[in-house]
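**Student:** Read off the chains here:
Protein chains: 2
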Amino acid sequence: MPVKLVQSTPSAYQYPLLIKQLLLTPLAIAPDQEICYQDKRRHSYRELRQRIGRLANCLTTLGVDAGDTVAVMDWDSHRYLDCYFAIPMMGAIIQTVNVRLNAEQILYSLNHAEADVLLVNSEFFPIVEAIAARLTTVKKLVLLNDEATEPELPAAISQALHYAGEYETLLAAADSDYPFADFDENAQATVFYTTGTTGNPKGVYFSHRQLVLHALGCAAALGGANGNGRLHREDVYMPLTPMFHVHAWGFPYIATMLGLKQVYPGRYQPDVLCRLIVSEGVTFSHCVPTILHMVLSHPHAKDLDLSGWKLIIGGSALPEAMAAAAFKRGIDLFTGYGMSETCPVLTLAHLSTTDMQGSPEEQAVLRAKTGLPLPLVDLRVVDADMNDVPHDGRATGEVIVRSPWLTQGYLKAPEASEDLWAGGYLHTSDIGNIDAAGYLKVTDRSKDVIKVGGEWTSSLQLEDIVAKHEAVQEVAVIGVADAKWGERPLALVVLKADYVGQVTEHAIRNYAAHAIEAAGVSRYGLLLQVSFVKHLLKTSVGKMNKLAMRANPQALRD
Amino acid sequence: MPVKLVQSTPSAYQYPLLIKQLLLTPLAIAPDQEICYQDKRRHSYRELRQRIGRLANCLTTLGVDAGDTVAVMDWDSHRYLDCYFAIPMMGAIIQTVNVRLNAEQILYSLNHAEADVLLVNSEFFPIVEAIAARLTTVKKLVLLNDEATEPELPAAISQALHYAGEYETLLAAADSDYPFADFDENAQATVFYTTGTTGNPKGVYFSHRQLVLHALGCAAALGGANGNGRLHREDVYMPLTPMFHVHAWGFPYIATMLGLKQVYPGRYQPDVLCRLIVSEGVTFSHCVPTILHMVLSHPHAKDLDLSGWKLIIGGSALPEAMAAAAFKRGIDLFTGYGMSETCPVLTLAHLSTTDMQGSPEEQAVLRAKTGLPLPLVDLRVVDADMNDVPHDGRATGEVIVRSPWLTQGYLKAPEASEDLWAGGYLHTSDIGNIDAAGYLKVTDRSKDVIKVGGEWTSSLQLEDIVAKHEAVQEVAVIGVADAKWGERPLALVVLKADYVGQVTEHAIRNYAAHAIEAAGVSRYGLLLQVSFVKHLLKTSVGKMNKLAMRANPQALRD
Numbered sequence: 036m037p038v039k040l041v042q043s044t045p046s047a048y049q050y051p052l053l054i055k056q057l058l059l060t061p062l063a064i065a066p067d068q069e070i071c072y073q074d075k076r077r078h079s080y081r082e083l084r085q086r087i088g089r090l091a092n093c094l095t096t097l098g099v100d101a102g103d104t105v106a107v108m109d110w111d112s113h114r115y116l117d118c119y120f121a122i123p124m125m126g127a128i129i130q131t132v133n134v135r136l137n138a139e140q141i142l143y144s145l146n147h148a149e150a151d152v153l154l155v156n157s158e159f160f161p162i163v164e165a166i167a168a169r170l171t172t173v174k175k176l177v178l179l180n181d182e183a184t185e186p187e188l189p190a191a192i193s194q195a196l197h198y199a200g201e202y203e204t205l206l207a208a209a210d211s212d213y214p215f216a217d218f219d220e221n222a223q224a225t226v227f228y229t230t231g232t233t234g235n236p237k238g239v240y241f242s243h244r245q246l247v248l249h250a251l252g253c254a255a256a257l258g259g260a261n262g263n264g265r266l267h268r269e270d271v272y273m274p275l276t277p278m279f280h281v282h283a284w285g286f287p288y289i290a291t292m293l294g295l296k297q298v299y300p301g302r303y304q305p306d307v308l309c310r311l312i313v314s315e316g317v318t319f320s321h322c323v324p325t326i327l328h329m330v331l332s333h334p335h336a337k338d339l340d341l342s343g344w345k346l347i348i349g350g351s352a353l354p355e356a357m358a359a360a361a362f363k364r365g366i367d368l369f370t371g372y373g374m375s376e377t378c379p380v381l382t383l384a385h386l387s388t389t390d391m392q393g394s395p396e397e398q399a400v401l402r403a404k405t406g407l408p409l410p411l412v413d414l415r416v417v418d419a420d421m422n423d424v425p426h427d428g429r430a431t432g433e434v435i436v437r438s439p440w441l442t443q444g445y446l447k448a449p450e451a452s453e454d455l456w457a458g459g460y461l462h463t464s465d466i467g468n469i470d471a472a473g474y475l476k477v478t479d480r481s482k483d484v485i486k487v488g489g490e491w492t493s494s495l496q497l498e499d500i501v502a503k504h505e506a507v508q509e510v511a512v513i514g515v516a517d518a519k520w521g522e523r524p525l526a527l528v529v530l531k532a533d534y535v536g537q538v539t540e541h542a543i544r545n546y547a548a549h550a551i552e553a554a555g556v557s558r559y560g561l562l563l564q565v566s567f568v569k570h571l572l573k574t575s576v577g578k579m580n581k582l583a584m585r586a587n588p589q590a591l592r593d
Numbered sequence: 036m037p038v039k040l041v042q043s044t045p046s047a048y049q050y051p052l053l054i055k056q057l058l059l060t061p062l063a064i065a066p067d068q069e070i071c072y073q074d075k076r077r078h079s080y081r082e083l084r085q086r087i088g089r090l091a092n093c094l095t096t097l098g099v100d101a102g103d104t105v106a107v108m109d110w111d112s113h114r115y116l117d118c119y120f121a122i123p124m125m126g127a128i129i130q131t132v133n134v135r136l137n138a139e140q141i142l143y144s145l146n147h148a149e150a151d152v153l154l155v156n157s158e159f160f161p162i163v164e165a166i167a168a169r170l171t172t173v174k175k176l177v178l179l180n181d182e183a184t185e186p187e188l189p190a191a192i193s194q195a196l197h198y199a200g201e202y203e204t205l206l207a208a209a210d211s212d213y214p215f216a217d218f219d220e221n222a223q224a225t226v227f228y229t230t231g232t233t234g235n236p237k238g239v240y241f242s243h244r245q246l247v248l249h250a251l252g253c254a255a256a257l258g259g260a261n262g263n264g265r266l267h268r269e270d271v272y273m274p275l276t277p278m279f280h281v282h283a284w285g286f287p288y289i290a291t292m293l294g295l296k297q298v299y300p301g302r303y304q305p306d307v308l309c310r311l312i313v314s315e316g317v318t319f320s321h322c323v324p325t326i327l328h329m330v331l332s333h334p335h336a337k338d339l340d341l342s343g344w345k346l347i348i349g350g351s352a353l354p355e356a357m358a359a360a361a362f363k364r365g366i367d368l369f370t371g372y373g374m375s376e377t378c379p380v381l382t383l384a385h386l387s388t389t390d391m392q393g394s395p396e397e398q399a400v401l402r403a404k405t406g407l408p409l410p411l412v413d414l415r416v417v418d419a420d421m422n423d424v425p426h427d428g429r430a431t432g433e434v435i436v437r438s439p440w441l442t443q444g445y446l447k448a449p450e451a452s453e454d455l456w457a458g459g460y461l462h463t464s465d466i467g468n469i470d471a472a473g474y475l476k477v478t479d480r481s482k483d484v485i486k487v488g489g490e491w492t493s494s495l496q497l498e499d500i501v502a503k504h505e506a507v508q509e510v511a512v513i514g515v516a517d518a519k520w521g522e523r524p525l526a527l528v529v530l531k532a533d534y535v536g537q538v539t540e541h542a543i544r545n546y547a548a549h550a551i552e553a554a555g556v557s558r559y560g561l562l563l564q565v566s567f568v569k570h571l572l573k574t575s576v577g578k579m580n581k582l583a584m585r586a587n588p589q590a591l592r593d
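Going down the list, the protein sequences come from chains A and B. The first sequence begins at 36 in our numbering and counts up by one. The second sequence begins at 36 in our numbering and counts up by one.
For reference, chain A alone in the conformation it holds in the complex (with noise of 0.2 Å):
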C-alpha cells in the first residue's frame, strides 16, 4: 500500500525499542527503591545500574561482543537480573539454562546456542563437569558463589575452560560506566530452550522490541485491573517462576520498568519462601500450581498471612480446588496463559468487583479461567481449517495466536518453525473455548487430549471433578488405548497419607460418575477408570508429564 511513511528531521531521535530504555524511569523515579537477594545482600536501582555497567565491562574484557551469547546458570538471585539487562545491553544474547535439565540436554542447549561464555553457580559444578570437556563453544567460565568461601574448581572444568574468576570479585574491580550504544531494536535480545517431553530441547529467542512490548502490554493490563490481581508501583515483586524459564515470564523487566522492589529468593526452598514473603513485605508472585501446592502444603505456610498476596498461576491449569484452598487463605490469585514460545504472557484473567461479589465457590471456577487477552493480543480458537470456533463456552479447538512477542520460529530448526507457524499464527497446541464474555479456557494441551468414541474429551475437567474427593491429594487423568472406544480416561490418583488402605479406587470411580452426571459433562466421562499410584511424573518445571506417565501408567503404582 502507497501509505505515506512519516519523515524524520535529520536530527530527531528515531526511539529503539531497547531494553535498556526499561531503565530510564526507575531510575528517574525510584532510584532508591530496594533489589534484595534473599536476606544476604540488598541494595538499591541505582547500584543495579551500576552493577550492569559494571557486569558489561567484565565481559567485554572476557571478550564477549555484540551478537555473542552469554549463558547463566543460577536461581533467583540479583545477579541473574544485572544478567538480564547487562548482557542484551551490550547486543550480545542471554542464554537462561534451565537447571533442571539433565546434564546431556544442558548439553546440547549449550552447543546448538553455540554459548561463548558460561556464568554459573557452584551448586551446578557437578553438571558443568560432567559436560565441560564436551562443549564445542563456551571456553570461558565465571563463578557465582553463595558461599563464605570460594569453592574449588573440579579438575574437568579448570582443564576444559578458561576460569575468569568470581562475578561479585569480577564486578568490583570494573568500572561502572559502559557506553550502551543504540542498535537495532529487531536485535536478539535472549534465547532458551524449551521442555519438550520428547526429543532434543528447542531454541526460542526474543528481539529487544519483543520484550519491550511485552512488559508495556503485560503492565497495561495487569493495571487495569479494578481490584483482583492488580499490579502497581507500590507492591513488593517476587518470582516464584524460575528466572531461567521463559524470562520468569517477563516480570523482572516488568518490575524495573514499574521501579518495584524486588524480592530474589534463590532456590525455591518452602521455608525459605514462607519467610521472605512476611519479611520483605512481598505482594505480587507469579507460580505453576505445583509451587503453590508446595508453599501451601509445607508446615511453616500454616500460621502465615497471605492475605493480600496477589498471584499469578499459569503453566498449567489450575485446578478448582486449588483455587479455592488459595482462596481461602486471603490469596489474591488470578491466572494466566502462555507458554515458551509466546514470551509468555498471552492471556490474564482478572475478575471484575461484580464477579469478586460471588461465592467462594463461584470466584473459584472464576478464577481457575485461563483468562482475556492482552492488549494487541489476537487470540482466537480455531478448527482444523483454521475457522473460528462459536464463542458460546462449549465449541473447543486449537488456540492459535498473534501478538508484537510471539517467538519468530525455533533456533535452526527450519521444519519445526513452519509447523509452529502454520498459516501465519503461532499454533500452540492447545486446545480450548471462548465464552461469550470472551475469557479463553484451555481444557487439554493437544498433546494429551482424550478421544473417546472419537470425541475429545477434557482430561482436565475429570481431573478438576476428581481433584474434589476427600481423600485425593493428586491426579492426573491420561488416556488409555481401548478396543471399544479408542482410548478411555483413566485417572492416576496419589492419595493423602491418611486415607491410604482406607478408601478402594471402586468408590473414587463412583464418586467420580456421580459428580459427572451432576456436572453434565461428557458422558464418555463415564468411562473414566482410577487406578491408585505412589506419585505423579512432572516434567523439569513442574507440570504434569502426561506423555511419560501414558507410556507406562503401571509402573507409577509401584
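Because the hints were derived from the structure by calculation, they are not lab data. Among these hints, one or two may not hold up.
Since the list gives no way to pick out one identical chain from another, each pair is judged satisfied if it fits inside one copy or across any two copies.
As the list claims (entries may be wrong) - SDA-like, lysine to any residue: derived pairs with alpha carbons at most 20 Å apart:
1) Lys-39 / Ala-216
2) Lys-39 / Thr-95
3) Lys-337 / Val-307
4) Lys-573 / Asp-413
5) Lys-55 / Arg-415
6) Lys-447 / Ser-43
7) Lys-578 / Leu-331
8) Lys-503 / Tyr-534
9) Lys-569 / Arg-544
10) Lys-447 / Leu-40
11) Lys-174 / Glu-187
12) Lys-39 / Phe-218
13) Lys-569 / Thr-389
14) Lys-39 / Leu-571
15) Lys-447 / Gln-49
16) Lys-337 / Glu-505
17) Lys-531 / Arg-544
18) Lys-174 / Asp-470
19) Lys-337 / His-549
20) Lys-75 / Arg-310
21) Lys-39 / Thr-172
22) Lys-39 / Lys-447
Please arrange chain B on chain A, whose structure you already have, making use of the hints.
**Tutor:** Relative to the frame of chain A, chain B by itself:
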C-alpha cells in the same frame, strides 16, 4: 554494532504496531460496552467496528486512498471516534482541525496539509463558507449533522466543493466489511496544527507506531498508580480536551484499547457536561485548568457529586488554589505534562498512598506538580550547554525529552524541525526543575519567563501566591520592560465581581509581598506590580496567551 537480528521463519507474522490492533482486545473482551454521544445516541464496540468498516468504504467511494488526507471539523463525537480509527486504518491520514482557530488559519492548515476530503459539522459552515473558494486541495465535503433536518449548503460551499452527502446516511448505505490491510507501522496516521501565538500554525504528525506506543505507555503508567488517578477497565471515560487537540491527549485510543465505556459530550457546554457526568457515571476525564474552572464555577456544578471523578490536568500549570478547590469537591485530580509535539503525555503526577495521607493543603501542592516520567520517557532538565542541572527541586533549566512518541519534525518546515530537535533531543521550550523524588515541576514556558536582574523568576509561583487572595478570580503574571531591572513582574488580576471597588491594587501587592517573603521565593518577586484588568487573553485552546498580554497589558484594563 554487529548485533544478531532475530530470524523470522517465512510463515511467521511480523506484527506491525498499527492502530487497528488496538481494537483487538476490546472486541474480544468488551464487545457490548457502550459508546455514547451526549444523550443523543449510544452503540456498542461491535457496532463501532462496523461503523469503521462503513466509513472506510464511504471514503474509498469518495476516492480516498492510502496516503491521502481526510480533515475533520467536529466537536467531540462518536463520529470523531469512528474517524480516529477508520481513516488511519485505511492507510490515510486524519487531519484534526482546530475549530477555534480563525478562518484564515484553518484555510492555511488545510492547504498546507494538502487535505483531500473535509468532514464538517454544519455548525462550522460559516468558516467553510469563508474559505471554500480558496481551498487548494480539498475537493469533497461530507456533512456531520446533529439537527433533525439536513441544513442547506451555503452557495459558496456548494460552488467550490463536491457535496458527498450526510455522514450517517452515507454510513447506513455502506458495507460494514472492509479489508483493513497491514502496512508499515511508520505510516503517518495523524496531522494537526499547533496554536502558536505568532506566525502561521505549524503541523505536527504522528505514526501508527507512535500512537500505539503512546497508548501502551500511558496505560502502563495510569494503571500503575496505587489509588490517586488510577485508570482501570471499569472506568467511564469522557474527554474534556477537544478531539481536535492532540488526539484528545490520546485517550480515545487508550480508552478503546482497554474497552472502557466512552462518553462524547459534543461542544463543551457546562450544563451538558454536568448532566453527563452524573447520568453516564463518568469517572475519568482530562482537561486544561480553564475547563475545570468553567465546570466548577457553573451553577449546576454546585450540587453535583464530583467525588471520585479522576481528572488529569495539563496544558498549562495548575494553580494550587484551583487544585485545592477541586480537591475540596472530592475530585481526584492530578497533573500531566506534555505538548502538541509530544503526542502529548510525557509525565503524570500520581500521588503515592503516603502523599494521599497529607493535609488538603499539602496534597494541593503535590497535585499541582507536573509529574513523573512515563515508561520509556527520557526527560532531562538542562542548561544552555545541554548539561543536566542538579535534581534538587531548585535548579532550573530547559526540559528536553526523548520518547517513542514525539513528532519527528514540523510538516514541511525543515528549519523549525531542526530547531525542535537540536542535539537529538526534542526541546520543549519549557523551564522547570526536578526534585530528589524525580518529580518534574514546570515553572515557566520559556516564552513567558521573566528575567529580573538577569535571573529567571517564576511567573507561575507568583501567580499561585496572588491567586490565593480572596478577591482574585484569575491572575496572569507577565514581565514588563523596566529600566533598572530589565524586566519586572506584573500581575494582571481579574477580581471576583463582589470585590470590584472593594479592594485596591495596592492591597493585593502588599498581600503578595508578605506571602513572597514568607514563602522564601526569589527576592525579585518583591518587585511585583499589580494591575486590575477586565479579562485575560487566552489562546484558542484556553491557555494564557502571555505573549499577547505582554504586547499591550494596558489594553486589558478597558
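**Student:** Given a CA cutoff of 20 Å, do Lys-39 and Phe-218 count as a within-copy pair, a between-copy pair, both, or neither?
**Tutor:** For Lys-39 and Phe-218, only the inter-copy Cα distance (10 Å) is at most 20 Å; the intra-copy one is 25 Å.
**Student:** Treating 20 Å as the Cα threshold, decide for Lys-447 and Ser-43: within, between, both or neither.
**Tutor:** between (37 Å within a copy, 11 Å between copies)
**Student:** Reference check for the pair Lys-337 and His-549, CA-CA at most 20 Å: within, between, both, or neither?
**Tutor:** Result: close neither inside a copy nor across copies, 33 Å intra and 63 Å inter.
**Student:** Tell me, please, which holds for Lys-447 and Leu-40 at an alpha-carbon limit of 20 Å: within, between, both or neither?
**Tutor:** Between copies, since 14 Å is at most 20 Å while 34 Å is not.
**Student:** How do Lys-337 and Glu-505 come out at 20 Å by Cα distance, when the copy is not named: within, between, both, or neither?
**Tutor:** within (19 Å within a copy, 60 Å between copies)
**Student:** Please sort Lys-174 with Asp-470 into within, between, both or neither, judging by C-alpha distance up to 20 Å.
**Tutor:** Result: close neither inside a copy nor across copies, 53 Å intra and 47 Å inter.
**Student:** When no copy is named, should Lys-39 and Leu-571 be tagged within, between, both, or neither for a Cα gap of at most 20 Å?
**Tutor:** Close neither inside one copy (59 Å) nor across copies (42 Å); limit 20 Å.
**Student:** Under a CA distance limit of 20 Å, which applies to Lys-569 and Arg-544: within one copy, between copies, both, or neither?
**Tutor:** The answer is within: 18 Å in one copy meets 20 Å, while 88 Å across copies does not.
**Student:** Between the shortest in-copy and the shortest cross-copy C-alpha distance, which are at most 20 Å for Lys-39 and Lys-447: within, between, both, or neither?
**Tutor:** Answer is between; shortest inter-copy Cα gap is 14 Å, intra-copy 36 Å.
**Student:** Within a copy, between copies, both or neither: which one fits Lys-39 and Thr-95 at a CA-CA cutoff of 20 Å?
**Tutor:** Answer is between; shortest inter-copy Cα gap is 17 Å, intra-copy 42 Å.
**Student:** Which holds for Lys-447 with Gln-49 at a C-alpha limit of 20 Å: within a copy, between copies, both or neither?
**Tutor:** Answer is between: at 18 Å across copies they meet the 20 Å cutoff, but 32 Å inside does not.
**Student:** If the cut is 20 Å between Cα atoms, do Lys-55 and Arg-415 qualify within a copy, between copies, both or neither?
**Tutor:** between (33 Å within a copy, 17 Å between copies)
Of the numbered hints stated above, those contradicted by the structure are hints 4, 13, 14, 18, 19, listed in ascending order.
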